[in-house]
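K.L.:
Chain by chain, the residues:
2 protein chains.
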Amino acid sequence: MFIVENVKDIREIVKREKRDGKKIGFVPTMGYLHEGHLSLIRRAKEENDFVVVSVFVNPTQFCAGEDFETYPRSLERDSKLAQSAGADILFNPSAKEMYPNGYKTDVVVNEITDKLCGASRPGHFKGVTTVVCKFFNIVQPDRAYFGQKDAQQVVVIEQMVKDLNMDLEIVPCPIVREEDGLALSSRNTYLNEKERKAGLILSKSLFAAKDMIENGERDAIKIKDFIIKNISNEPMANIDYVEVVSAENLEDIKKLQGDVLIALAVKIGKTRLIDNIRIKIS
Amino acid sequence: MFIVENVKDIREIVKREKRDGKKIGFVPTMGYLHEGHLSLIRRAKEENDFVVVSVFVNPTQFCAGEDFETYPRSLERDSKLAQSAGADILFNPSAKEMYPNGYKTDVVVNEITDKLCGASRPGHFKGVTTVVCKFFNIVQPDRAYFGQKDAQQVVVIEQMVKDLNMDLEIVPCPIVREEDGLALSSRNTYLNEKERKAGLILSKSLFAAKDMIENGERDAIKIKDFIIKNISNEPMANIDYVEVVSAENLEDIKKLQGDVLIALAVKIGKTRLIDNIRIKIS
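The listed protein sequences correspond, in order, to chains X and F.
Residues in the first sequence are numbered from 1 upward in steps of one, following the numbering used here.
Residues in the second sequence are numbered from 1 upward in steps of one, following the numbering used here.
Just so you know, these hints were derived from the structure itself, not from any lab.
Glycine is no exception: its CB is placed at the ideal position from the N, C-alpha and C atoms.
Any given hint could be a false lead.
[Stated by the list, open to error] What the simulated footprint calls covered on chain F by chain X, stretch by stretch (three residues with Cβ under 8 Å from a Cβ of chain X suffice, anywhere in the stretch; the number is not a length):
| no. | region |
| --- | --- |
| 1 | 104-115 |
| 2 | 136-147 |
| 3 | 157-163 |
Work out the full structure, taking the sequences as your base and the hints as a guide.
P.N.:
Written as structure tokens, this is what we have:
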């Protein structure tokens, strides 16, 4: 596996592979890779001939007061893990390489970026769509892999790809969880032992809601209220949002039907965690 | 030459050509082709193996109260002219094909879109960059050709391509003029005989300013004032703007040096005309 830092270099390498008829899989990450990322890389390797993993803590998707400075970083660790999972290239550009002096352009997906995480993180998705658009143009992958943990991100990226006629396939991949249910996240490293335990309330509430639905509950408000009540019982937890929406367009629903997304964001101490489940109701 | 209406079809055709190693030239237009457009198509044909011309009167780049409804259209005329100039494909999508129900995404170049035409046509350049981004993703050209008459558009498109790491070359091409100096424009068809004559004041003022500069004038304000005075002498003319800026970044300049753009927009009756000259000062 090679580590590449320049747009020009990665472009040349990928073009050579594409000329040989190889299919390119791409996994964009902010690094500090965990088993969730690795599952994306493995899947990309299974489905493509050549896999590019980007590691870039994108400054423009952090809002004021967020954890850009402290976000965990370790290129050495990431490069070992990415290689072990099957990456052929690790693309690790500098912020200056991505946003040189005089940079002026944004890619904006409207409406669906105003709710859920978008409501509490203004500008976040504009940063995400812009950097992902750039990566897609640089890497020109056949398929790009995103974790379903960032459920809204997946919907937003799919919308961008469709709207801007980008010629690639987005492959959403299942959430990977610790044995006790906690969804994997690079931000889990922020949690101390007590917070780590308290953080279980996210997945526990979602799983309990799933049980309710499997037992016939179809009222979105009841599901939402149940989860809010459940999480509120955890003294260390502060709810940012709990939403029951259509998994396809993130629109609010009253009655559960079709493809349903239950998504939530909760602060445990200073750490903001997100989690979700997606349920198909026939 | 084939006329293609669907994204899927044009993409298949272009991919087949690219697989054969052919270079793709692209000329995006709003149709009602004139000699200016044809010069772009001929140049594209000279420099590439396969030329796609799009004809699409893009609704999103017209502002409220502008001439979207009345903008001249004639596919029959355009297809004959495009073919005669060497186009291999004329891409003529519907608005619904380009912006299907639920469309949500914009590409925005900031700052340089706020001045000149951007100041009097709010949202215009957002419409332009978004549709051009879409066309680039659909056609995946090696080179795209734009007329220098829309000088600001060229600068904005070049900025977008650079910022979003789009993998193609932008080729700006010289303004084509009538014998008497009037810059070609599909909107010239709006002018009656008197207005047509009055419209000459744009190019005449620019050429006179060029003479001043060639005779040593380096004061941008003097040039600007001279042009404004000149145009104000034409009773049918109403100035929208006259600007003397850097041709590279559209920033205001006081002293003429380097690559200078003198750009103006003037209403003759109800018709808004634009024109410009670019002068390199060593």
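K.L.:
If a hint holds in the structure, say so; if it doesn't, say that too.
P.N.:
Outcome of the hint check:
1. With a threshold of 8 Å between beta carbons, the proposed coverage of the region 104-115 of chain F by chain X holds, since 9 of its residues qualify and at least three are required.
2. Only when three residues or more bring their CB closer than 8 Å to a CB of chain X does the claim for the region 136-147 of chain F stand; here the count is 3, and the claim holds.
3. Interface restraint, the region 157-163 of chain F with chain X: holds (3 residues with C-beta to C-beta distance below 8 Å; minimum three).
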